[in-house]
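Using the sequences plus the hints, can you model the full thing?
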Amino acid sequence: MHDLIQLMCKEFVLDEDRLDPRKRSRLWRHNDILQVLNKPKRVERVEALSLDMSQVCRIIQLSPEVFEEMDNLRLLQFYYKDADWYDNATKLHLPQDGLECLPNTVRLLHWDLYPSPSLPLNFCPESIVHLRMPGSSLTQLWEGDNVPLVNLKVCDLRGSKELIKIMDLSGVPNLEELDLGECSSLVEIPSSIQLCRKLTKISVSWCFSLCGFPSDLRLTSLEEVNLNGCPRIRELPKLPSTVKSLYFGGSGIKQVTAACIGHLTRLQRLRVGEIVESLPCEIGFLNCLQELLIRDGGPKVISIPDTICNITGLVELLCHSCKNLESLPNGIGRLKRLKTLSMEGCSKIRSLPSDIGELTSLEILDLTGC
1 MHDLIQLMCK EFVLDEDRLD PRKRSRLWRH NDILQVLNKP KRVERVEALS LDMSQVCRII
61 QLSPEVFEEM DNLRLLQFYY KDADWYDNAT KLHLPQDGLE CLPNTVRLLH WDLYPSPSLP
121 LNFCPESIVH LRMPGSSLTQ LWEGDNVPLV NLKVCDLRGS KELIKIMDLS GVPNLEELDL
181 GECSSLVEIP SSIQLCRKLT KISVSWCFSL CGFPSDLRLT SLEEVNLNGC PRIRELPKLP
241 STVKSLYFGG SGIKQVTAAC IGHLTRLQRL RVGEIVESLP CEIGFLNCLQ ELLIRDGGPK
301 VISIPDTICN ITGLVELLCH SCKNLESLPN GIGRLKRLKT LSMEGCSKIR SLPSDIGELT
361 SLEILDLTGC
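Numbering (the UniProt record's numbering), first residue to last: 1 to 370.
Hints may contain errors.
[Unchecked claim] In silico DSS-like links for lysine-lysine, alpha-carbon gap of 25 Å or less:
{"#": "1", "residue 1": "Lys201", "residue 2": "Lys238"}
{"#": "2", "residue 1": "Lys254", "residue 2": "Lys153"}
{"#": "3", "residue 1": "Lys323", "residue 2": "Lys339"}
{"#": "4", "residue 1": "Lys254", "residue 2": "Lys238"}
{"#": "5", "residue 1": "Lys161", "residue 2": "Lys201"}
{"#": "6", "residue 1": "Lys161", "residue 2": "Lys81"}
To be clear, the hints were calculated from the coordinates, so they are not data collected in a lab.
This is the structure:
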């Protein structure tokens with residue numbers, strides 16, 4: 001929304017009642033919101049509550065029934081601007097037993113650093129479309145598996161380090177994004193994820209305890225898979241040709257075969273780490289590839305397949321700490337769109353190909369440690 005339109009609309013909302021914020025449909029000014037949270041009575045008109053927690057300078061103690069009368073609430077946000085929740089402790093404190101209720105009308109629930117191990121037992125999340133609770137203290141979202149989540153499209157629980165399990169996904173047919181990055185206690189992704197036919201993105205990066213992951217992820221809408229930093233995942237799942245971004249650096253996946261990636265003809269970004277053998281020649285068939293990162297290659301990673309020079313749209317080629325890599329591919333000068341070439345820490349590379357000067361788009365050349 002254009003800034004001027006937003007300002008105009010905010011004036012309309014303020015005109016609903018200039019004196020009492022409880023009689024307005026939308027609340028965004030932190031002083032107004034704090035007033036409503038302290039005295040949550042006669043707040044039936046409130047439909048949206050959005051509080052930038054970076055503007056709050058003190059601890060706020062919420063009562064267990066703070067949302068009890070907000071029967072029309074559709075948007076609830078307690079967020080840190082610029083996603084700086086990483087560097088903050090929660091400023092919203094709940095009673096020991098948590099909240100008594102959340103309005104069942106909520107469609108967007110965004111609560112950074114949610115301080116309770118679970119959501120209220122009587123909360124029916126059937127209306128939820130976007131669920132964003134990064135850095136939460138959740139151990140699991142809901143008791144039981146038969147939770148109606150037919151409208152849920154985005155589930156973001158990044159950094160919820162106490163999260164042990166997520167719900168059964170068979171009742172989430174419209175899920176499009178699932179981000180569980182840095183949920184370091186999470187053990188398993190349920191196999192019912194195969195029923196999420198609209199899923200476009202899944203991230204379980206840096207889930208150190210994750211050992212159960214579906215072997216087949218051939219979902220026809222899937223575009224991004226992030227398995228970075230998952231040492232207990234040892235095999236790349238079967239993926240559809242729709243995948244555009246694939247990351248598994250620092251995982252337990254040590255080998256990349258033609259059967260794994262040869263069919264990923266729409267792949268644009270590939271980041272791998274600690275592989276024990278060189279990439280297969282079939283990587284040259286990935287004509288859409290724009291970024292390739294190889295990190296910490298094993299003793300048999302002594303070269304990059306020459307077929308990579310067939311990928312004329314490649315923009316970034318990064319090989320970091322591949323200590324046995326001896327040379328760059330022949331014909332590298334054909335990569336006319338290459339902007340970044342980095343061989344940082346590849347200590348056995350002693351010379352550059354003669355056609356290096358034909359990389360007419362090259363902007364960054366990093367040979368640190370060569």
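Checked hints:
no., hint, in the structure
1, Lys201 <-> Lys238, "15 Å, holds"
2, Lys254 <-> Lys153, "33 Å, violated"
3, Lys323 <-> Lys339, "23 Å, holds"
4, Lys254 <-> Lys238, "16 Å, holds"
5, Lys161 <-> Lys201, "20 Å, holds"
6, Lys161 <-> Lys81, "21 Å, holds"
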